[in-house]
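End of the sequence shown = 132 in the working numbering, gap-free, step of one.
Honestly, the hints are just simulated from the structure, not real lab data. Don't be surprised by glycine CBs; every beta carbon is placed ideally from N, CA and C. Some hints here could point you the wrong way.
As the list claims (entries may be wrong) - Just the calculated beta-carbon pair ranges, DEER-fashion:
(1) 114 / 44: 23 to 31 Å
(2) 48 / 100: 33 to 41 Å
(3) 117 / 68: 33 to 41 Å
(4) 115 / 80: 15 to 23 Å
(5) 85 / 16: 15 to 23 Å
(6) 80 / 17: 16 to 24 Å
(7) 78 / 132: 31 to 39 Å
(8) 48 / 103: 15 to 23 Å
(9) 100 / 57: 14 to 22 Å
(10) 7 / 43: 14 to 22 Å
(11) 51 / 5: 17 to 25 Å
(12) 9 / 115: 16 to 24 Å
Stated by the list, open to error - No farther apart than 25 Å at their CA atoms in a straight line, the calculated lysine-lysine pairs in the PhoX-like style are these:
(13) 57 / 119
(14) 119 / 70
(15) 70 / 132
(16) 70 / 57
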Amino acid sequence: MRLEHVLHGEVQDLLDQLARALIAGDGEAVAALWETPAFVIGSDGVTAISSREQVAKFFGGVKYNADGVKRTRADLLDLERVGNRIVIAAVRWPHLDAADREMNSESSDYTLRRDDNGKLKIRAVLMRGTTK
């Protein structure tokens with residue numbers, strides 16, 4: 001049980017860093033959390049990502065603030081360990097306005113893999129969509 005608690009905290013920390021970087025529009029900080037090659041899969045298409053520069057460009061262009069989103073957090077719904085290096089995290093991202101009211105939310109599944117230094121990095125994201 002202790003190891004699962006540590007893993008949950010490690011994943012939550014990575015997702016918290018991701019939330020801060022996305023809201024700030026900091027593509028470089030987002031890219032630091034990824035390992036390539038990677039994929040982003042959604043109903044609108046599939047993006048194969050071959051470099052950290054591509055991650056920075058892809059996510060640096062995401063401007064949540066333009067939609068009135070001032071804050072978000074990673075609500076970690078489920079964690080599934082797959083072997084020693086892979087974890088799948090189901091996450092809900094509430095989109096909060098300046099008064100911390102939830103406008104809508106989006107859900108995604110993240111496939112995380114430990115790199116050769118033992119750090120979890122994002123390798124794939126399945127975008128499940130936005131709900132109002």
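Hint by hint, here is what the structure shows:
1. 114 / 44: 23 to 31 Å: Check passed, 30 Å falls within 23 to 31 Å.
2. 48 / 100: 33 to 41 Å: Holds, at about 36 Å.
3. 117 / 68: 33 to 41 Å: 38 Å, holds
4. 115 / 80: 15 to 23 Å: 19 Å, holds
5. 85 / 16: 15 to 23 Å: 21 Å, holds
6. 80 / 17: 16 to 24 Å: 21 Å, holds
7. 78 / 132: 31 to 39 Å: Given range 31 to 39 Å: violated, Cβ gap about 22 Å.
8. 48 / 103: 15 to 23 Å: Violated, since residue 48 and residue 103 (Cβ atoms, about 31 Å apart) do not stay within the stated range.
9. 100 / 57: 14 to 22 Å: 30 Å, violated
10. 7 / 43: 14 to 22 Å: 30 Å, violated
11. 51 / 5: 17 to 25 Å: 34 Å, violated
12. 9 / 115: 16 to 24 Å: The hinted range 16 to 24 Å holds for residue 9 and residue 115, with Cβ atoms some 18 Å apart.
13. 57 / 119: Holds, at roughly 23 Å.
14. 119 / 70: Since the Cα atoms of residue 119 and residue 70 sit roughly 29 Å apart, the hinted pair is violated (cutoff 25 Å).
15. 70 / 132: 16 Å, holds
16. 70 / 57: With a Cα-Cα distance of about 21 Å, the restraint between residue 70 and residue 57 holds, given a limit of 25 Å.
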